[in-house]
Amino acid sequence: MMERDSRIDLNLFRVLDAIYTQGGVSAAARVLHLTQPAVTHALRRLRDQLDDPLFVRQGNRLLPTDKVRAMMPAVQGHLKGLLASTHAQPTFDASRLQMEFVIGFRDILESIALPGLMASIGRDAPDVRVVSRRVAADEVERELGTGALDLAVDRPLRAGERISHRRLLDETLVVVMRRDHPLSRQLRRADYLAAQHVTVSPLGEQSALDALMGQNGMFREVRMVAQHYFSACQIAAASDLLLTVPKAYADHLAPLLPIAMQPLPVRIKAIPILAYWHDSKDNDQAHRWFRERLVKSITGAMQASPQ
Numbered sequence: 167m168m169e170r171d172s173r174i175d176l177n178l179f180r181v182l183d184a185i186y187t188q189g190g191v192s193a194a195a196r197v198l199h200l201t202q203p204a205v206t207h208a209l210r211r212l213r214d215q216l217d218d219p220l221f222v223r224q225g226n227r228l229l230p231t232d233k234v235r236a237m238m239p240a241v242q243g244h245l246k247g248l249l250a251s252t253h254a255q256p257t258f259d260a261s262r263l264q265m266e267f268v269i270g271f272r273d274i275l276e277s278i279a280l281p282g283l284m285a286s287i288g289r290d291a292p293d294v295r296v297v298s299r300r301v302a303a304d305e306v307e308r309e310l311g312t313g314a315l316d317l318a319v320d321r322p323l324r325a326g327e328r329i330s331h332r333r334l335l336d337e338t339l340v341v342v343m344r345r346d347h348p349l350s351r352q353l354r355r356a357d358y359l360a361a362q363h364v365t366v367s368p369l370g371e372q373s374a375l376d377a378l379m380g381q382n383g384m385f386r387e388v389r390m391v392a393q394h395y396f397s398a399c400q401i402a403a404a405s406d407l408l409l410t411v412p413k414a415y416a417d418h419l420a421p422l423l424p425i426a427m428q429p430l431p432v433r434i435k436a437i438p439i440l441a442y443w444h445d446s447k448d449n450d451q452a453h454r455w456f457r458e459r460l461v462k463s464i465t466g467a468m469q470a471s472p473q
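Mapping of the sequence shown onto our numbering: residues 167 to 473, in sequence order.
Mixed in with the good hints, there may be bad ones.
[Claimed, not checked] In silico DSS-like links for lysine-lysine, alpha-carbon gap of 27 Å or less: (1) LYS435 - LYS447; (2) LYS413 - LYS435; (3) LYS413 - LYS462; (4) LYS233 - LYS246; (5) LYS447 - LYS413.
[Stated by the list, open to error] DEER-style ranges, computed between Cβ atoms: (6) ARG351 - GLY311: 48 to 56 Å; (7) THR187 - ASP448: 51 to 59 Å; (8) GLU266 - PRO348: 46 to 54 Å; (9) ASP346 - GLY383: 28 to 36 Å; (10) GLU371 - LEU176: 20 to 28 Å; (11) ARG262 - LEU359: 50 to 58 Å.
No lab work stands behind these hints, which were simulated from the structure alone. Quick reminder that beta carbons are idealized off the backbone N, C-alpha and C, glycines included.
Can you build the whole structure from these sequences, using the hints too?
Have a look at this one:
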């Protein structure tokens, strides 16, 4: 005789359990969402594998044989365990995380948020590496989609439906100038529009502020465009040029540079700051952990700015 194949399709045990609990092939087919012939075929295969009739008919019901009654507690226990394992989430332990996260950041947020973020991560996840990059606005969606970027934090961007986002806060802008500037004590709108300015544009695009002002028919004279806000602040501290920056960043630099600040005398809409990520990362535990740490670091640092 040919040796019986010891390999058994584990799906057959789901059929066995359904027939056992439902008492018939038709009822089992309904709960399994299978056709009756499919269940009959599966039962036949399992009978051949186990060399036992498994069920005998009595009236309208199929009664289990002694072999089935003996094995069902173990079968049902294993089936429940397998089902539970598909829903169980492994315990997340940040201290064992070994990953690199890449953030699309503006340099202002680097200075404000990253020191606190890295201090927090250093304590709780010492093997996590963070890379901060400048990414053009029209490249953010593509880089998030390819996985080259894990998160981006910026002003409102055009992004497709696969890009998730979370509004973090609204930027409050102030005007920075050298400490002994003639406008350091009072800055009116006419003074602001008549003054000369330094702006920041790492990639050469028009600033969001100039775009908003232009929509309301207001224009200013930009004498210099810098790549970084820190150098722009140094320029403002050493010249007559005015620089408009988020208040949190001005507060951050005030102890370091001889600068004064005044409220922005131009009424504009609030500029939201948002975090962006690809929706494939929505439920990734490591990504969610890092995302929450980053959000907390940004909002905490920005809201800690003196009012």
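Taking the hints in turn, this is what the structure says about them:
1. LYS435 - LYS447: 31 Å, violated
2. LYS413 - LYS435: With Cα atoms ~15 Å apart, LYS413 and LYS435 stay inside 27 Å; holds.
3. LYS413 - LYS462: 18 Å, holds
4. LYS233 - LYS246: 20 Å, holds
5. LYS447 - LYS413: Violated, at roughly 32 Å.
6. ARG351 - GLY311: 48 to 56 Å: 50 Å, holds
7. THR187 - ASP448: 51 to 59 Å: 36 Å, violated
8. GLU266 - PRO348: 46 to 54 Å: 49 Å, holds
9. ASP346 - GLY383: 28 to 36 Å: 32 Å, holds
10. GLU371 - LEU176: 20 to 28 Å: With Cβ atoms ~58 Å apart, the hint is violated.
11. ARG262 - LEU359: 50 to 58 Å: Given range 50 to 58 Å: holds, Cβ gap about 56 Å.
Consistency note: the structure conflicts with the earlier hints numbered 1, 5, 7, 10.
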